[in-house]
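Chemist: Sequence:
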Amino acid sequence: MTDPQPEPELIESSLNRTIERGGRRLEVRIVRLATERGWSLEVVNDHNTSIVWDDQFETDRQADAAFQSALAEEGFEAFLDKD
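Numbering of the sequence shown is given in our numbering, commencing with residue 1 and proceeding in unit increments.
Hint data in this document are derived by calculation from the structure and do not stem from the laboratory. Treat each hint with caution, since some may be false.
Stated by the list, open to error - Taking CB as the label site, the calculated pair distances span:
1) ARG17 to GLU77: 16 to 24 Å
2) GLU74 to PRO4: 25 to 33 Å
3) PHE76 to PRO6: 34 to 42 Å
4) ASN48 to GLY75: 18 to 26 Å
5) GLU77 to GLN5: 37 to 45 Å
All values reported here derive from a predicted model rather than from experimental measurement. Note that beta-carbon positions come from the ideal geometry of N, C-alpha and C, so glycine has one too.
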């Protein structure tokens, strides 16, 4: 019997946060594996729909800037499910 693989250690950015507007919520998640250098960006809406950027970022600040840019260009509603 083989030993189960340990869960990879995730480093969470201090820039992670929840944003609420009009009773709707977005969770911004910026994380990286402890063994990797690149940061991943994910936005999860209040229906647990996840939007993940394909590219990794050198810093958590760059990941946050990418989210801020998308939010400014596309609006809060772009991250919500279409009802």
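Chemist: Which hint numbers doesn't this structure obey?
Modeler: 2
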